[in-house]
Amino acid sequence: MNFDRFFDPDPAQRAIARELYAEVAALPLICPHGHVDPRLFADPDYSFGSPVDLLIIPDHYVFRMLYSKGIPLESLGVPPSPQKGEGAGVRVETDHRKIWQTFADHFYLFRGTPTGVWFDDELANIFGVEEKLNSASAQRIYDHIAAKLAAPEFKPRALFERFNIEVLCTTDAATDPLTHHQALKASGWRGQIRPTFRPDGVVNLDAPGWRTNIDALSAISGVAVHNYATFIQALENRRAFFKALGATATDHAALTPFTEELSTGEADTIFRHALRGQATTDDATRFTGHMLMEMARMSIDDGLTMQLHPGSLRSHNDIIFERFGADKGADMPIGTEYTRNLRHLLNKYGNDPRLTLILFTLDESAYSRELAPLAGHYPALRLGPPWWFFDSLNGMARYFDQVMETAGLYNTCGFNDDTRAFPSIPARHDVWRRAGANWLAGLVARHFIDLNDACEMMAALATGLVKDAYKL
Amino acid sequence: MNFDRFFDPDPAQRAIARELYAEVAALPLICPHGHVDPRLFADPDYSFGSPVDLLIIPDHYVFRMLYSKGIPLESLGVPPSPQKGEGAGVRVETDHRKIWQTFADHFYLFRGTPTGVWFDDELANIFGVEEKLNSASAQRIYDHIAAKLAAPEFKPRALFERFNIEVLCTTDAATDPLTHHQALKASGWRGQIRPTFRPDGVVNLDAPGWRTNIDALSAISGVAVHNYATFIQALENRRAFFKALGATATDHAALTPFTEELSTGEADTIFRHALRGQATTDDATRFTGHMLMEMARMSIDDGLTMQLHPGSLRSHNDIIFERFGADKGADMPIGTEYTRNLRHLLNKYGNDPRLTLILFTLDESAYSRELAPLAGHYPALRLGPPWWFFDSLNGMARYFDQVMETAGLYNTCGFNDDTRAFPSIPARHDVWRRAGANWLAGLVARHFIDLNDACEMMAALATGLVKDAYKL
Amino acid sequence: MNFDRFFDPDPAQRAIARELYAEVAALPLICPHGHVDPRLFADPDYSFGSPVDLLIIPDHYVFRMLYSKGIPLESLGVPPSPQKGEGAGVRVETDHRKIWQTFADHFYLFRGTPTGVWFDDELANIFGVEEKLNSASAQRIYDHIAAKLAAPEFKPRALFERFNIEVLCTTDAATDPLTHHQALKASGWRGQIRPTFRPDGVVNLDAPGWRTNIDALSAISGVAVHNYATFIQALENRRAFFKALGATATDHAALTPFTEELSTGEADTIFRHALRGQATTDDATRFTGHMLMEMARMSIDDGLTMQLHPGSLRSHNDIIFERFGADKGADMPIGTEYTRNLRHLLNKYGNDPRLTLILFTLDESAYSRELAPLAGHYPALRLGPPWWFFDSLNGMARYFDQVMETAGLYNTCGFNDDTRAFPSIPARHDVWRRAGANWLAGLVARHFIDLNDACEMMAALATGLVKDAYKL
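Chains as they are written, first to last, in our numbering: chain A, 1 to 472; chain E, 1 to 472; chain R, 1 to 472.
Bear in mind the hints are in silico, worked out from the structure with no lab data behind them.
The structure displayed is predicted, hence computed values, not measured ones.
Where hints are given, some of them may not hold.
The list makes no distinction among identical chains, and a pair is therefore deemed to hold if it is satisfied within one copy or across any two copies.
[What the hints assert, rightly or not] Subject to a maximum C-alpha distance of 16 Å in a straight line, what follows is the list of computed EDC-like cross-link-like pairs (lysine to aspartate or glutamate): (1) Lys348 to Asp450; (2) Lys467 to Glu261; (3) Lys243 to Asp302; (4) Lys185 to Asp105; (5) Lys467 to Asp401; (6) Lys467 to Asp301; (7) Lys132 to Asp450; (8) Lys69 to Asp468; (9) Lys348 to Glu322; (10) Lys467 to Glu322; (11) Lys132 to Asp268; (12) Lys98 to Asp53; (13) Lys98 to Asp143.
Here chain A stands alone, though its shape is the one from the complex (with noise of 0.2 Å):
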C-alpha cells in the first residue's frame, strides 16, 4: 500500500496531502452508523469462522459484482432465504476453498471500485497478506487467513481495539430487545457498542411482516398497541428503553422523503385500517411520511439524532429476493425530491436547533439542488456522508466538490462507514480521511483557503463532525 494513496499526483497538492493527513492518521475512528451484529462483541467467544465466511458469504458490496457476471449466489455459499429453504431445490456451495477460488479468479472484476480498494487494504493492513489476490495466489492466500483467523488476536474484541474504535453504533429495529447490548453493558467490556433506533418495521405500513412487528412491538413495550395512541405510547417507550443502552440516534428508510401532517384522528384511522390489513398504498405513503414528523417530534424531546434514508427501492430482483431474500446487492437508487417533500416537517421542526436531522441521498443530483441548500439555511439539518454506492473516492470528490460551497463544511457530519463488513472499517475510514486531505489540499493548492484552516476543517472531517451531530 502506496504511503501517497488517493492523493492528487500534482506534488504541491499532494504534499499538503499527505500532511493534512498526517494530522488525523491516528485518531481514533467512530461509527456512528453501520450493521455490524453486535453478538460480535458481546460473545466473547465468537470466532469469524473461514475467511469465506467473513469476507464473501455475508457481503453484498463483494457477491453482486460477481453475480452481475454470471456467477450464482449459490456457487458463493449465499444461503437461500429462511423461507425458502435448500429444500427449494437451491443447491448451495459448502466447500470454502472452492468459493474462495471463484472469488479470486474474479478479483479483477474489483478493479478501480471502493470494494477492490477495501480488500486490498484488509489483506494488507489487517491480515499481512504481501502478494497480489489471484487464481494462482488464491490457495495460498486463503491459508495465510484462515491461520490468522484462529488466532486470538482475530477475535471481534481484539480487532475492535487494534482498529482503534472508540465507538459503534448498530442499527436495531425497534422490537429488538438488544439482547447483545445488555451482555455488552453487563461484560465490563469497555469497547463502546451502541445501539440506533430504526422503527421502519412498525412505522411503515408497508413493510413485510408489519403485522407480526406490532405484536412483537407490544410485548416487547408492555404496551398492548391497538390504536395509534398507543402506538405512539410503544414507540416512545422503545426510544427511551434504546437511549437507556447508549443510543444517541434514530435511522429511518423510506422510498420517498415525502412528510405530510395527519391529524390524530386521520392517522388513529389509517393505522385501525392497517391492523385490520386494509390500509392501501397511498395510506402507507401518508403514514410514513406523518410518521417521520412524530418521529422528529420525539426527537426535539428525547434528544435522539435522526437519521434519513431515502430513494432505495429495495430488492429489485424478484428472482433473487424469492430466492435468497433481502440485502442481496439487488436494492436500486431512485430519483429523490427533498424541497418539496421535507417542506412539511422542516416547516414544523427544522428552525428548531434541538433537532438534528440528517439526510442521506443515493441520488447525486439532490446535492447541489436540493441537499446543500437546504442544509445551508434549516438549523436542524446537516447532510450525511455520500452513502452505499458512493463511499467511495469518486463518490467522496464529487460531495466534496458540489456540497460544500453551498451547505458549509459545518452543516455536514463527517463520515459513517454504514458497514456490515466489520473488517473494512478501517479502510473505508482511511479513504475517507485521504480523500478528505486531498480536497483540503486543493483548496490550499489553490489558494482558497490557508493552510492553518485547513488543518482545523481536517480535524472536524475525521473526528469533530461526527461527534457533534451524534453527540457521542
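Based on the hints, put chains E and R in the right spot on chain A.
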C-alpha cells in the same frame, strides 16, 4: 491574496492561466444583471452606514449560513418584515459592534465557500485589511472599515469608478417609476446605470399583492387595466418607458419554465377571473406560461434581451417568511425541466435571431441534458452564467465542463454578478475571470485548443459575450 | 497534433497515460454501432463528392452549431426534406466553395467542442492539411481536400483499410432489403460490414409512416402481417435474415425505457387497433414497452445483442422538421428513468446471462444513480459508452468517474462511434483511447490500481470489451 489564487496547482496549467488572466484583469466590469439599489448612485450623499449595514444586514448569502448554525436572524440585525414590525414581539439587535463580533466569531463557517472568498477579497482589496477576520481581530477590523466608510472615496459613485464598472443594470418592477434612474440621467454623472424590466409582480397571477400591483400598473402607465388587451397595452407602455431610460433587457422569474400559448379569448377570461380574485393555481400557471411567450414576442419587437430565471421555490420556510419577509436565504431550488416546457415558446420564436433569450438554472443536471443541447441549436437561445449557489469556483468549473462542449462558448453570455451586495462585485467578477482563465489553460495544457484561440475566448468570457448578449 | 494531446498536464500522470495509450494506439478499430451508409463500400466506384458533400451537408453535429448562431441551413446546402422539395420556396445554396467559406468563417464556434477536435484531427491526419482552418485559409484547404478526394486512395474501401477498421456495423430498418450488405457479401472484398436490426419503424406504433412500414414488412418477410401473431412471425423472420447477413445486434430507440408485458390478447387488440389507425398514444407507449420485452426474449433465442437508446425527444423544432425533415440537429434529450421503467424486463430476462442488453443514456444524472447500480447487479446488463453529446473528452471523463466505481469496468462495453460521418471514425476512437488512457493513468498515479492492471484494463477499453459484448 495570492497572485495565483484559484489556478490549478500544476505548473504548466498555472503558467498559462496566469497569462490568460493577465489579458483581462484590467478590463472594465460589465454588470448586466443584478439587484443593487439605484439610490446608491442617484443620491450623491448616500452613505453605506456601518460595516454591518453594508456587509451583514442586507446580505442573505451571509446571514443564512449563520442562521443554519442556530444564530437567530434577530441577533444579526435583520429587520422584521414591515407587516410584522417590532410590535410583533421581535427584538432585533441594534448594537452593530456586537453583530460584527457574532459574525467574526462564526466566520469559520464560510471556509471553502464563495461568500468566504468574496469577503476575504473585499476586506483586503477594497478596505485594505491586512489581518484575518476572527474573534480576536473583529473589533479592530470593524474600526478600520468604519473609518474607511466615512471617507469620500467610499461613497458609492467613487467606488463605482474605482471598481472600473462600465455599466451596471438594476432589476426593477414593471410598476417602478424609475425615479432614481431618472435622477441619474439628469445628474450628469457619467456612470452607466440601466434599469431592467421585471414584470413578475403583474404577470404571475399568484404573485403576492398582484391585485395591488395591477392598480399600480394602471396608475403608472396611464392605461386603465381592466382586461387582457389593456394589460398588454400597459406592459408595452412600460417596456417603452424602461427602454427610454436605458434598459436593454427584461427579467422573468417563474417556478418552472412552462410555456403555452393561450388564445386571446382564454387569456382574457383568465385575466378577468384574476381581477375578480377568482384565478385558480392552474390559471396562474397557464397565464404565466402564456405571458412568457408574449414577452418573447415583445422582445422581438423592441429588441430587449429576455432573461428567464426559473426553478426557485421562494420562501420555503414559513416562519422566516412570516417574521422577516422574502429574500432571507430560504429560497430553495427544485428540479427543472426545459426541453418540454420551453417547446411552445421555442417553436414559435426560437428560430428568430432577433430574439435573445438567456436561460438560467438552479438544477445543474439540466446543463448537459437539456440546456446545452437547446442552446446549441436554437438561434434565439443563450445560456446564462452559473446562477446563485453556483456562482462559485466549483460551480463555474462544472458549468464549463458540462455546458461548453455541447453549447459552444459562443452560445453563452459571459458573467453577471446578480448581487445586491455592491462591494462584492469586483470579487465576483475576479472569481469568474480566474475560473475562466484556469478552464482555458486546462484546454491549452491538454492541447485541446491553442493559446491563440484561448486568448480570444478569454476576452469573450470577460467582456465580449456579455456586451453582445445584452446589447451593451 | 500534439503527441500528448488530451492527457493530464501533470508529468507523472501524463507519462503513464502515454505508455498506456501506446499499448493500444495501433489496435484495429471495432465499430459495433453507427450510421455509415453501407453503399459507400458496396459500390467500388463510390465517390465522396466535394469537401462540402463529405464534411458539411450530411453532418448535423456541424451544421446545428452554425444554425444556432443564426446561419440558415439553406446557406449550408442542407437539402429540404423530400416532402417539401425546392418547390416549397426553399432556396438552397449550391456553390460548395461558398458554403465552405461560410463554415471556415465560423469555425471558431467549434473551439473546445468535440466536433472541433475531430475536424482538426481529420484535416491533419486524413487529409494532411498543415494550416489552421479559418477565413483566410478556407479556399486553399478546400482545394487541398478536393484534390485528395479525387484520388483512388480516398475511395471508401481504401480509407476503411487505411483506418484499420476490423468491423463496421451499420444500422438498418427492419424492412431494409439489405441490398448493399448482400452485394458486399458477394463482392469478395474482405472488409467486414455488418447490418444491425433496428425495428423502431414497425414496433413503435407512433413512428412516422408506421402503416406503410407494416406493409413493407409483409412484403419483405413474405409473412402477411394482419395481427399480432403474424407481426411477431415477420419480425423473427427478419431477425434471421439480418443474422444470416452477419448481424450480431439489434438497436432500439424509445422515448423512455418503459417496459411492460402485455398478454397476447392485449397485444393483439392494440395491434389491430393500430392497423385500423385507431391506436392511442397510451396504446403506443404500452406496445413499445411490450415489444422491448419481446425483443429481449428473441435475443435470448437468437443471440443478437440488444441495444437500447432512450431519452431523445426527436425533432423538437417544428419549423426545421417541416422544412428539412428528421436528424437535423434538433433532437433534444429529456430526463430518463431506468430503475422503475426497466423493472419488468429485468425481472423476466435480466438474470439470464444469454441476454446482453446494452443501455445508453442522454441523462447523465442516471449514470451513478441508476445505470451503474443496475449494471453492477443484473447479469444481462452492460452500459454503453457516452452517447452523442457526451462522446467528448469531458463526457468520457464524467462517464469514467460516475460509472466505473459502481458498475465495474467489465460491465461496460468499450466504445462505439455511432456516427454517419465516416471520416470522423478514427478521430473519435482516438479520443476514447486517449481519454481512457488518461483515466487509467490517473488511477495508477493515485495508487488506486497498479500499472499491470491498468494495461489489461486499457486493452479491454480499446477492443476487448466491445468484441465480447457484441460477439464480434
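Here is what the structure says about each hint:
1. For a Cα distance limit of 16 Å, the shortest separation of Lys348 from Asp450 qualifies neither inside one copy, at 39 Å, nor across copies, at 52 Å.
2. For the homomeric pair Lys467 and Glu261, neither the shortest alpha-carbon distance inside one copy (31 Å) nor that between copies (51 Å) is at most 16 Å.
3. With identical chains, the CA atoms of Lys243 and Asp302 are at most 16 Å apart within one copy only, with a shortest distance of 8 Å there and 60 Å across copies.
4. With identical chains, the CA atoms of Lys185 and Asp105 are never at most 16 Å apart, being 43 Å at best within one copy and 41 Å at best between copies.
5. In this assembly of identical chains, the alpha carbons of Lys467 and Asp401 never lie at most 16 Å apart, being 23 Å within a copy and 31 Å across copies at closest.
6. In this assembly of identical chains, Lys467 and Asp301 lie within 16 Å of each other by CA distance neither inside one copy nor across copies; the values are 20 Å within and 57 Å between.
7. For a Cα distance limit of 16 Å, the shortest separation of Lys132 from Asp450 across copies, 10 Å, qualifies, whereas the shortest one inside one copy, 40 Å, does not.
8. With identical chains, the CA atoms of Lys69 and Asp468 are at most 16 Å apart between copies only, with a shortest distance of 12 Å across copies and 43 Å within one.
9. Taking the shortest alpha-carbon separations for Lys348 and Glu322, only the inter-copy value of 13 Å comes in at or below 16 Å, while the best intra-copy value is 41 Å.
10. For a Cα distance limit of 16 Å, the shortest separation of Lys467 from Glu322 qualifies neither inside one copy, at 40 Å, nor across copies, at 34 Å.
11. For the homomeric pair Lys132 and Asp268, neither the shortest alpha-carbon distance inside one copy (60 Å) nor that between copies (57 Å) is at most 16 Å.
12. For a Cα distance limit of 16 Å, the shortest separation of Lys98 from Asp53 inside one copy, 13 Å, qualifies, whereas the shortest one across copies, 61 Å, does not.
13. Taking identical chains as interchangeable, the C-alpha atoms of Lys98 and Asp143 lie at most 16 Å apart only when both belong to the same chain, with a minimum of 13 Å there against 68 Å between chains.
Hints 1, 2, 4, 5, 6, 10, 11, counting from the list given before, are not met by this structure.
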